[in-house]
Amino acid sequence: MIQTENLLLELIEKHGNSRDGLLPILQEVVAKENYLSEHRMVEIAKALNISSAEVYGTASFYTYLFTKPMGKNVIRVCKTISCKMAGKQEIIKAIEKTLKIKVGETTRDKNFTFIESNCLGWCHKGPVMIINEEVYPEITPERAVEILCEMDPKHLSKF
Amino acid sequence: MSTINLIIDNKTVSVEKGKTILDAAKKINVRIPTLCHHEDLCVAGNCRICVVQVEGSRTLTASCSTPAEEGMIIRTNTPKVRNARKDIVALLVSEHNTQCTTCYRSMNCELQSLSAEYNIDNNRYLSILKPNISIDRSSWSIEKDDSKCVRCQRCVRTCAELQHVNALTVSGKGKDMKISTFMELPLNEAICTNCGQCVIHCPTGALTERRYFDRVWEAIGNEKKHVIMNTAPSVRVALGEMLGYPVGTRVTGKMVTAMKRMGVDSVLDTDFTADLTIIEEGNELLQRLKKVLVDHNSSVKLPMMTSCCPGWVKFAEHIFPEHLGHLSSCKSPQQMFGALSKTYYAEKKGIKPEDIVSVSIMPCAAKKFEANRPEMNSSGFRDIDAGLTTRELGLMIKQSGLNFAELEDSSYDSLMGESTGAGVIFGATGGVMEAALRTAYEVVTGKEVPFKNLNILPVRGMEGIKEASIKIEGCLPEWSFLEGVELRVAVAHGLINARTIMDEVAEGKSPYHFIEIMACPGGCIGGGGQPIPTNEEIRKKRTQAIYEEDMGMPKRKSHENPEIKKIYKEFLKEPLGEISHHLLHTTYKKRNHF
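Protein sequences appear in the order of chains A and G.
In case it helps, the working numbering puts the first sequence at residues 1 to 159.
In case it helps, the working numbering puts the second sequence at residues 1001 to 1594.
Simulated from the structure, these hints should not be mistaken for laboratory data.
These numbers were taken from a predicted model, which means no experiment stands behind them.
Mixed in with the good hints, there may be bad ones.
[To be verified] With a straight-line cut-off of 20 Å between C-alpha atoms, the simulated EDC-like cross-links for lysine to aspartate or glutamate are:
1) Lys1352/G - Glu1507/G
2) Lys46/A - Glu1317/G
3) Lys1175/G - Glu116/A
4) Lys46/A - Glu1184/G
5) Lys1178/G - Glu38/A
6) Lys79/A - Glu1184/G
7) Lys1224/G - Asp1040/G
8) Lys1086/G - Glu1069/G
9) Lys1173/G - Glu10/A
10) Lys46/A - Asp1023/G
11) Lys1225/G - Glu1317/G
12) Lys100/A - Glu38/A
13) Lys1027/G - Asp1040/G
Chain A extracted, bound-state conformation (with noise of 0.2 Å):
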């Protein structure tokens, strides 16, 4: 608890505390904790005496700041038209056999999260999925399972 509300107050001291603040806070917090919980967004609401509901809003807008619990991994594969027609639902099969959960779901060692995004933007290059923020362009369903594999070599065995 003491370690997390240092982390607050060094956020505050470098981004201040007012609600241009409220952005660089939120990113802060993600990449440190992995997720924006309900009592961090009253910490910050507090901090910078602003409503929990506008914290929220603000969180709630951005794809990459999540409100709920999520995996130490994010993947993403893009679910929009280019990447459907270059064969993104293989890939999502592909990686749901391999971790053993659907697009939406968390692995039960919180290791990864798999969800569909909005475009990425390499339409050109499609399918693509992204971990974390390292991009995967021209996947294929082998190539994704060699790399989840290699992050975490326990589903090597599993597929």
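Here the structure of chain A is known, so what remains is to put chain G in place on it, guided by the hints.
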């Protein structure tokens, strides 16, 4: 101030720089339809219904958010404009719960009027209304039905700009965008003051008051029950709007007749307990002044702040929980009325309190919450059984089949039906202050308050924060400690102004002795339970009507109300006495700030 000249529909118009195309059009009586726009709020420009054609521009322009420019040539009624507007309305309708026949806002809905005007009769887009949207009925005051939301965000802007509460926010984006609270909490768990300003700013039936009139009809129909209604001061100057009268018409006499004809056993006046509030609160103020000025008692808080507005009270409980000692301990007139209706009234009339159903007609959404506060039962029963809005009463009158316009005037029943002009002006911002000063000054000096016709003009009007000071001179012996004191008072309306005043109080820098606060802009006449629409112009007209009503009253000072004298003689004994303390005063509780 430089002037801009432009042409709208072949007509030249000049406006000040900074005015929008919409403003300019209004000036020459060209009505451009709007939906997300509201006079009280900042420009949003999100619904696009107000598009017009600006010569030289490839696309259509939203007139509410585009400043007028020199030499603009604008057309507001071309086929292109009409088709675009029709499309926009049709798209809004396609995601709307169009069960208008069952909607509380039917016939008073901006989307319904627009779709009628643009004639969306051939179902141009398939309904994409999201299934299984549940209605949030968790709050005692406000009901939220997202299936009727057009996402114009008027409520969000209201909550932020007028009230600075920010209970409502926009969450998500695109098709998932919705109006929500923190973590989608139900309204009763959100930091919401229940003021209902979101309700009167909502163009559709997405936000409405919780309605209890059916229960009241049940009680009226039950012969064993003795139904009492008390009507708040600002209801009489606004109810007419529900029944076809121009804004600012006073319908007091007809309203009383209508309620009697509806079968209400006794039609009484909240103004009576408004007068009573003045006696209790005025004495509380004098007592606090004495404790601070003479006894130097540091636990007694000044400035004292009014507590008749339940929206403000809940706001203070949430936002300034450390400073609740500044609030007067007086219950609001509604709750005083309720407590007395089950005790004093019951006793005098020889009716068992359990058979009494005490209903209040209020301009307010927060009064519903207040009536349901668990501690509001000092009579041994619920002080108030149901709190209805002006709108609900209007509907009940329509349901009763009475021809309101043809009704004769009648006066309030007794007991607790007599009032003064001081009670009436509670309905407008500054009114409680004015009423309190009319009485307190006279109690202390034995003379009338030194303002012409008792009209204390500095505390009236629509300015957000008003201040005044009165030098107290010629005190009666027992109040000699106040001799020469410059009594400083302030009045704030709209919670954003309340916050400004309270920040000062919290810092210990407030220069005032007594502060009146009303949660809604304009005070109760602009309350969340008042007829829709409500805007600045309408608030002003209702306010004017309140002061006319005051001027027409034979007695205009609370302490001169004969029924007030009587209740102290026969029941309460003395202001702030034991019975008062038990029935008429209350305590506050700290609530979550965030």
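Cross-check of the supplied hints:
{"no.": "1", "hint": "Lys1352/G - Glu1507/G", "result": "violated, 49 Å"}
{"no.": "2", "hint": "Lys46/A - Glu1317/G", "result": "holds, 16 Å"}
{"no.": "3", "hint": "Lys1175/G - Glu116/A", "result": "holds, 16 Å"}
{"no.": "4", "hint": "Lys46/A - Glu1184/G", "result": "holds, 19 Å"}
{"no.": "5", "hint": "Lys1178/G - Glu38/A", "result": "holds, 19 Å"}
{"no.": "6", "hint": "Lys79/A - Glu1184/G", "result": "violated, 27 Å"}
{"no.": "7", "hint": "Lys1224/G - Asp1040/G", "result": "violated, 46 Å"}
{"no.": "8", "hint": "Lys1086/G - Glu1069/G", "result": "violated, 27 Å"}
{"no.": "9", "hint": "Lys1173/G - Glu10/A", "result": "violated, 30 Å"}
{"no.": "10", "hint": "Lys46/A - Asp1023/G", "result": "violated, 39 Å"}
{"no.": "11", "hint": "Lys1225/G - Glu1317/G", "result": "violated, 35 Å"}
{"no.": "12", "hint": "Lys100/A - Glu38/A", "result": "violated, 28 Å"}
{"no.": "13", "hint": "Lys1027/G - Asp1040/G", "result": "holds, 18 Å"}
When the structure is compared with the earlier hints, violations turn up for hints 1, 6, 7, 8, 9, 10, 11 and 12 and for no others.
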